Amino acid sequence: MGQFGIGQPMRRKEDERFLKGAASYTDDLTLPEQLHAVLVRASFAHALINRLDVAAAQAAPGVQAVLTAADYLADGLGAMPCMAEIGCPITRLPRYPLQGERVRHVGDPVALVVADNLAAAKDAAELVEIDYEPLPVVTELAAALAPSAPQLWPEAPGNLAFHFSHGDAAACVAAFARAAHVVELELVNNRVVAAPMEPRAALGQYDEASGRLTLRFTGQAVHGLRRQLAEHIFRLPPEQIRLIAPDVGGGFGMKNFLYPEMILVLWAARRLGRPVRWLGERSEGFLADAHARDQIAKAALALDVEHRFLALKVETLANMGAYLSTHGPLIPTRSSSAVMGGCYALQAVDFQVRGVMTNTAPTDAYRGAGRPEAAYIIERLVDQAAHQLGVDPVELRARNFIRPEQLPYRTAAGQTLDSGDFAGTMRQALALADSAGFATRRAKSEARGRLRGQGLACYFEATLGIPQEAAELRFAEDGGVELVIGTMSNGQGLETGYAQILNEVLGIAPEAMRMIQGDTGQVPTGGGHGGSRSLQLGGNALFKAAEEVREKGRALAAEQFETALADIQFEDGIYRVAGTDRSVTLAALASRRTQGRSLLDARGQYEREAFSFPNGCHVTEVEIDPETGVVTVERYAVCDDFGRLINPLLVKGQVDGGIVQGLGQVLLERTVYEGGGQLLSGSFMDYAMPRADDVPDLRFTTNPTPTPTNPLGIKGAGEAGCIGALPALVIAVLDALRPHGIHQIDMPITPEKVWRLLRQAKAAA
Amino acid sequence: MYAFEFHRPSSVADAIAALKAASDGKLMAGGQTLIPTLKQRLAQPSDVIDLGGIKELHGIRQDGNSLVIGAMAKHGEVAGSDLVKSVIPGLHELAGLIGDPQVRNRGTIGGSLANSDPAADYPAAVLALNATIKTDRRSIAADDYFTGLFQTALADDELITAISFPRPEACGYAKFRNPASRYAIVGVMVARTGGGVRVAVTGAGPCAFRLPDFERALAGSFSADALAGLSVSPSGLNSDMHASAEYRAHLVRVMAQRAVKAVR
Ligand SMILES: Cc1cc2nc3c(=O)[nH]c(=O)nc-3n(C[C@H](O)[C@H](O)[C@H](O)COP(=O)(O)OP(=O)(O)OC[C@H]3O[C@@H](n4cnc5c(N)ncnc54)[C@H](O)[C@@H]3O)c2cc1C
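Same order as they appear, the protein sequences are chains A and B.
Take the first sequence: its letter number 215 is residue 215 in my numbering, and every next letter is one higher.
Take the second sequence: its letter number 119 is residue 119 in my numbering, and every next letter is one higher.
Next up, chain B with everything else stripped away, as it sits in the complex (with noise of 0.2 Å):
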């Protein structure tokens, strides 16, 4: 690890403050990412600035038809919240699959979010379910979220303030996880939404993205069987010491489908 000045702000706007009079500022959440980095000596900030003393990042609530999730939640906290099961139990599944206990236990949503891992879990349920995810300055939609390999519409002094997830017929997750860290080889989140069957797949590609044609098989009939005879080229998709793209593509299919069979 490398020096660097240390802030703990106590309010958004003192956050943004400390961004831009940094020369290059990070913001850290629960540092599950960020500190490995560091120690590692892959990035020299000059200064962090450590969003744990928001009071405003914190905290899930229920605003009309939407679960609204604060940025500092804890993967642990969103697996463990009885609001988010009885309204959007899929999401609740999936904050469970998430790394292991201590990862669950300081990770956060905004920091998944605005890290854009290609193997992170939310991605999937952000396109699945056509969250908006709520900055100190603007609303984006999922859609327009996810940019590329940790890439995202975020500007650089941009922070996530919360999540906003309109509540769904239904959903299910099903995820295949990296057997060292536990991160998703492939995860697919099916969705029954107000605006239509939406189908997100995370961990195959450079960052999470939906299967259109998937969407409509599902839109046609709502059932596993509906997508046995689909396939996802593996062009593109990611390949590594565990998973080729080909092995990666047909899992696609297989997640999928155990999805909608997971669906509640």
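Just chain A, same shape as in the assembly (with noise of 0.2 Å):
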């Protein structure tokens, strides 16, 4: 329905408000009589606290409180849960916003103060006083599960908090048993920080009379973390706690936990009767902020005589940090085990991982959270078997890709998927990158002393979190349309997509719609942001409440007409008696209205049938300087098939800023603990993320199978680019290396390691 409905490149309706500074963060909020909180933080990643003292920081100017451990406890308040179910026992360990006997990572926090303002909060915070005893420090993965490693608790012997199986592992022994050829491979995946541009945040207040909480904060969800904090901290009855997240200045995963720092400011709001604030500090942000990755996985593939993949096998360790984040375990287990196998047709999968607790940040989703650590342990695996056997690695997928006429069809993890083209997908991705000009180029680089590789991926992820949503559309009296909805945008353009889908049924103008979200006061439930989810479910869920306000509508001008309900034509905006001039306006039908809501009011509700899978194809070319070691990517070009897509605008914004934090995984993000346990990465002077000189021209096509799976056919493209964008990457780099004797190399892919390999290869040859 022309230029506003489905499928059009509609700008972002959001961005005007975004771009003049007219957007309203966190930390833009402020409450009369607010105080201002600052956390001491442990300089230690393990050790034992023999004494606090916060005495000398409780009687410094402007303080109102230091609160402790003891204090909590004593308050009756419970510990952190972490909510992931995967299947397999977890040992629960508990987790308290603050720590009184033993810290376990560099950041934990061991003392709240509350201040009058920031500066004094601070000169505070610098007298308390903590005789620390240090512990024996563990971060590393294989250190960690050494007999002799340091132990972070005793509920995990052994540091291990879960070891979890997916597939079938008979099945698969078997399968190696008659393999002709099996290829193997042990692969990190790097931790990450997320870093995102604005910094977690918090504002807490409480309401003495009702006894009611409010947390205003920069969140991904509200409904679920309410849940958290009702249940397990403040033990109240849900209603009692209203969590608010207005603009988001990004999230990607990492603001969808529950954080010691959301609590404390909760807290001290009730004791003090007070708003209580506080700001992270992009330092604190790096220590205490959910990581992500951080994953070794050794893996094999076997395959049959005609190079037909039989089976896959993976063990993953995954480190979890010094305490299960939120959602923490379901990442490198469920997350990744849905899509394990990829696009291929495999009989059978065995996946096991293990969860590895260390003195380092906690770690939970990051963009793609376990589908991009599958992907890349597939696709890694399939290019080494090319190489392996000397096949074409095009073909090698080719022969091996799931195919149309195969479809539905169950995969090795258990998953049923229901459409996709693998092989026309991949064809179209090699035409857009120009594959056939390779060589050229290649010549060309080496011409002037550069190495050039090109690297091809096929991704295949689920789109997962929260599987249902609701969406309710509310006329109001001014003429606008509320549309009340719990998922939540973090900057991601949502509100365009929705009004779009809104203006295809029922015609109305993308200005006249108001997006309500992120706040358990006025929006009844809702998933959140994640998973991908967010236009998938809630977009099905718009589109349902406004066919029920276009049918609710159809019914009113049947009425007025006194005709039947068939004869009512629907077409932009306007209800018509078929074959007469006479007609109503939706507006017109919308303004009746009765004990104060609109006739037309509708809610839509969704729940998802199944994962849809989104696929695609990414074909890169880097260069690299043999004499420094430093890898640029100089090509890039993407074929996706995310089945409908409501604005390729806004789809290709997704896909290029996931590709680009793929890029930073691969090549720029290094996070780094000294064996001491403390953070050498601790802020952009260390911490590379990708700038725009870092990233070539993004080439983008799709090859659209709509996924009969949902009303809309939408399959959900926030995560696609960078879970794709790893393993191309790697493979194009290695495609560089491999006729110098590298075969194999780890992320992240720094200028020092590349030189390193080039010499010892040297060297050896």
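Do not take every clue at face value.
[To be verified] Mimicking BS3-like on lysine-lysine, the simulated pairs with C-alpha atoms at most 25 Å apart in a straight line are:
1) 122/A x 39/B
2) 55/B x 85/B
3) 444/A x 55/B
4) 261/B x 122/A
Hints were generated in silico from the structure; no laboratory data involved.
Bear in mind that the values here come from a model prediction, so they are computed numbers and not experimental data.
Starting from the two chains in their separate frames, assemble the complex, guided by the hints.
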């Protein structure tokens, strides 16, 4: 329906607000009488607290309270829950927002200082005296499992929190036994820090009369977190706690969890009877935001004599950090297992994951959350297989893809795949990349003394997240339409996508739509933002609500014109009696109100029937300067299958952002804890995020095969870019290095790493 | 940040007076190093003396065969100056490689040299071009100026007013950037000057230093190939999460060769 409907590359309607500085982030909110909180954090990675003396801090000017773990326990508040359910036992380690006896990573909170202003709070924080007795530290996965390793938790002997298994181990053994070829790799998926533009922030408020707590914070979801705060922390009925997330400056998964600071500002506000605010500094973000990835996988692929894949075996060690974060154990396990095996016809999968505790920041979801790890393993194995067997990686993939005529197909990982055209998508990506011209480009690079490589990866993912969503449409008296919805835009353009769906069904102008999100006081239920779910689930809920509005309007029009429903036609926001000039607008009907509500107000609910499986093919070319080891990304092309696109411009934005995030992990982002557990990469002076000049032009096309599993046929696009980018880029680097005898490299591919490998290879030759 | 007294003098003399009167005063140029240090509470000066209001510290001019750059000249001004570009193109290029646009629009040459960060770019130019550091009380020759890690020949209450760069016959700069901060992991400037070839390295050691054997080789034959057989010892070089001493030593040779190729 015209330029604002589904499928149109409409510009983002929220950008005016964001670009003009009119957005309202948590730190922009102030409340009368508010106090400022600062955390005293552990300077040791592992230590006993022998003495904690807050008397001097408490006596400092302007200080209202200095709170410790002892106060927290005395107030009878609960431990922070780990919500992950992964089908196997997890040792639920007790995590409190303040540590009183022992700290387990640098940045672990020990005391909360609340004062009249920030400077007073910071001054007082320096007066908190802590006597630490340092304990041995372990930060690395392999070291943490060694028999002599320092132990973090008596509850988790051997530093092991869980052992997850998925697939059919016996079938896998049998398949490997009859395999003609076996390809094996050990792969590191490096630890990354999300570092969104807006740091974490929280503002707690308490209303004494009602006993209600209100938390304003920068988050990706409100309802689930409210439940955790109510049930596990404050032990209150959920309606006694209101969570409000205003505009959010990026989350990438990291803002989906319960953090100590959220609890602490609420608790302090209740104790002091005044609002308490906390704004995380960038260095605190590095230390105490949930980190991500940090896995080592031993992986093997079995092939038959015709190079058909038989089975995949993966043993992953996943670094959980010092505590189990809200969803921590879910990420390396069930978020990976659904897509283990990728878009290939395999007979068996055996996937084992051990969750390991170390003296590092807890890990949890980060864009892709488990699927990038899976895609990386599979695509690296497939590429390795092609080289080991001396066959073309493109042909090897084509031979093993699940084919359209096999759909719906039950994968070895236990999922039912409904749609996808993997060979077609790969062909389109190769064409877009001008793969045929690669040899010429490589020769040109070589003439300049540079090594050039091409990498191809076919990623396959599943959109996850909370499976149901509801949308309510309310026609306001001023002519505006309110969309009340439980998804959560963190800046990804959701408001625009929803406006287009509304425009498509009802002809309502995008400006007329007002989105209400992120407030448990205004939105009754919701699943928030995560797993590429928002437009897929929220969009379908809205679609249903809009259809409901349309049909309510049709019934009202039929009644008004005393005609049969079937005679009423609806187009461009107008109901007409077929074959007559009688008509009434949707707006006119919407203005008919009873008990303060429009007769057209409607609610739509959608529950996911099955995962959807976005997939695609990334083709990239890199150049390596052999003298310095520097890798530059020269070309990048993607063909994605996201099903139906609501707005190709928004989707391209998601794909671009995802690819750049992947590029960051592959080439730049290196999280380094030194042996004593201090974070060396604790600021942007050392933690390298990608910049515009690190990124080439990103070419993008789609090969949509709409999914029959939801009315709109959407597959979800938010994470895909960063899932495909990891294997594609690393495979390209290896393609450049293989002629020099280098067949394995781990992320992040830093210049010194490449230089060393080339030097070793030269020495060996 | 801790509380401090703030001054904004309009002359060098007033700045020095304010500095002397303070129990622990700090001069502030663009604040690019000073402000983050204060914000992280790593320093607690009693007084901060902002040099921004002192006219005589600003500006870039030619003085005979030298280029005189005021201490408060921002990197962006040097990188955007046609005068610098025509007199010492290599210096013009170096300034454009510093940090990012935000840093270049605040950071100053005086602040950079007073701070003497081991990874800063200007020190390589100062040494290679045999510049003179002018202060409120004297002139310091480049070879005497850098004394160690964040250490210079400046007295505690001494203020840089300008830097005078004699025009070289030609010079070139090559930089290997820290991927995060974009400071120099290794930066090498090579210059042909009236007094011979000078090669200066920044980023690799505790402070900028010259490479006499590279200079000799280039004096014999001014070409990248002349350096091919040379190497630098890693001993004493910096080592961090981005580059080991060994890698830095290698990069010094590579960047020196690239600097020779970049000479204009
Ligand atoms: C993100 C980032 C990236 C950077 N990248 C680079 C890079 O790539 N290359 C590079 O060379 N530099 C880089 N820098 C440094 C920057 O360019 C500045 O040169 C440096 O920070 C000094 O800043 P300033 O001039 O604002 O001095 P200030 O921070 O104001 O002062 C620094 C010190 O010098 C003293 N001082 C200042 N002026 C004088 C004076 N006239 N006389 C005596 N003492 C004085 C001050 O008291 C203070 O101790 C980077 C900085 C940042 C923050």
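Which constraints among the numbered hints does this structure fail? Numbers only, ascending. Result: hints 3 and 4 break, sorted rising.
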